[in-house]
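Colleague: Here is what each chain is made of, one letter per residue.
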Amino acid sequence: MRFVTLPLRNLSHRPLRSLLTLLGVAVAVAACITFTSLSRGFEESWVLALEERGTDIYVTYKGVVDILLSSIEEELGEELKQAPGVRDVTGELAWMGSLDEGQPILVIGWPIGSYLWTTLSLQSGRLPAEGENDRVIIGGSLSEAMALKAGDEFNLRGHHFKVSGIARSGGVVRNYALVLPLPTLQKIIHREGVVTTYNIHLEQKSDPAAIATLIEQLKVRFPDLQFMQTSSVGRENQTMQFFNGIAWSMSTLAFIIAFVVMLNTLFMSVTERTREIGILAAVGWGPGRIFALILLEGGILATGGALAGLLLGSELFRLLVHLGGISAFIDADVEPHLMILVAGAALLLGLAGSFFPALRAVRMWPAEALRQE
Amino acid sequence: MSTPSAWNTEPLLRLHEVSRYFEEGRVQAVHGLDLSIEAGEFVALVGRSGSGKTTLLHLMAGIERPSTGRIWFEGMEPFRNGAWAALRARRIGLVFQRDNLLPTLNAQENLEIPMIGVEASEKRRRQRAIELLERVGMVHRAGHKPKQLSGGERQRLAIARSLVNRPVLVLADEPTGNLDSANAQAVMTLLRSINEEDGVTLVVVTHDKEIAACARRRLYISDGRLILDSSDLPEHH
Ligand SMILES: Nc1ncnc2c1ncn2[C@@H]1O[C@H](COP(=O)(O)OP(=O)(O)O)[C@@H](O)[C@H]1O
Ligand SMILES: [Mg+2]
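Chains as they are written, first to last, in my numbering: chain P, -10 to 362; chain X, 366 to 602.
No lab work stands behind these hints, which were simulated from the structure alone. The beta-carbon is built from N, C-alpha and C at its ideal position, and this holds for glycine as well.
Distance windows between CB atoms, simulated:
hint, chain 1, residue 1, chain 2, residue 2, range
1, X, D563, P, S1, 32 to 38 Å
2, P, V(-7), X, L593, 48 to 54 Å
3, X, A404, P, G277, 25 to 31 Å
4, X, E487, P, S221, 51 to 57 Å
5, X, H509, P, L308, 44 to 50 Å
6, X, E389, P, I329, 52 to 58 Å
7, X, G508, P, L308, 44 to 50 Å
8, X, H509, P, D322, 49 to 55 Å
9, X, R557, P, V(-7), 33 to 39 Å
10, P, G277, X, H572, 36 to 42 Å
11, X, H572, P, V(-7), 38 to 44 Å
12, X, A547, P, S1, 35 to 41 Å
13, P, R307, X, P468, 39 to 45 Å
Extracted from the complex, chain P is given alone in its bound form (with noise of 0.2 Å):
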């Protein structure tokens, strides 16, 4: 026998109680990696979106919370052009709809000739030239979900279309978007002269300081736009504040209420054994061996629901992003460094719930534990 062999046996003994509070670790642990690679597959997924395309500073109307519902006026983009180091600029129109099957789909529009469509990599086909309002690149992935090939046409919303080329697969945005001219899309959705968002292109890859006080005096210039460095645009965004202020509140709110679970349990073992704590000191085991046993006891519980929790988090993130139809935007495989910090996390958490219980068994000396039934 040895040491882990006691507290392995303490858990069994009660297994329900001790399932019970591994699945309250697990759900917490699931809920965290659930709901942060939510929140994170969509920042981390537009971030390499946009540096794939070597935007260097996004502009979007101030204060928008769906960058969709952004507008800014198509005119703008001469203005931004003037300022001082900037190579291109090119005004962009998103949209988001959906193909008749309900698989959803990011549409772009981008005027023709904009150096963004040089960002695109063809595996067939090619660009549309000048006055080809009608053609379309569509993403590898799409492509395979609506069976379409170059030079194919198509029908989206009573336009009619003729695939000009199919991108290479990359990020998950370019797998699932379609491209089109902009003026096309205008007209499509009603919003004609507006755009989205701005990329701005500058001359050199300029360290961020240099972008921080250039994005400065942009923001003098045009008071009513936002301006993000690509890097920093998770972190600047709203929309990602928004969603991660409920990715961390739900996972803190979960981690809370297993610590809760954690303690009760515990305290309830050490409380019902007391009287075999007090045999264990009776035998020599001195208060440090008797702390440690509780805490490895907290240890274990902690170790097994991060484990079930990192595989129950992993599928549920999965099969979210497959039913909630948002595989087009975000990569549904969970982070490694993601789950390391929760599992952490979730250790840490099973360790400070076993510390207070585990004092309260080396408080009493140990005749006062023989003496409970």
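Given chain P's structure and the hints, the job is docking chain X with the ligands onto it.
Modeller: Below, chain X with the ligands without anything else, positioned relative to chain P:
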């Protein structure tokens, strides 16, 4: 650390004006007790129920803290819980009247518990446990949980457990109190053999006259005080 006994003038255990009060002094379980126990002795603590025997035994084992007074073990004065625990791990064995064992562990595992932290080798812990199971005639019960054992078996197991770390002192609180006379006899025979064959110092709390008669020294306790020490009687000299 321990000095060879020939050079050691200190008794194995010494209590000096030890008192233990409960309920803010309203209950005086042990009252100003002076006592020395030498290595190798077999001492019976005798007295009516409520006279303070258990409390005294607990004080001797360091599982109870004295309200006033001082206690030395092998010339050293352990104060803290942890220091006493270390002594119980290696030098002092304890046996209670009942419910001595951990219910989730089997007989052999119960014997191994005190060796965790004392004997590093898991294999040697197991060997020693089996050795003691043999000694108390319970090898065939090694895999049984306390619930599956008889009262007599449980007490023999508790005594075996008190011996696993080869203590110099074993303290037993009414070890036969819950047993029928046949089982009580077996337990007492076992305790005597510990004292006579292994030379372990033995202190047994009992209110059974027969058992008390087995001991070479009897301490009579009443109202928390030592009223008679048989070693003070003339026939002892
Ligand atoms: N924890 C305690 N709180 C209050 N009174 C106690 C406590 N322990 C023992 N006593 C009292 O101290 C006296 C001696 O008890 P004890 O040492 O158990 O006697 P014995 O073992 O001789 O029966 C009794 O009156 C008992 O009620
Ligand atoms: Mg008693």
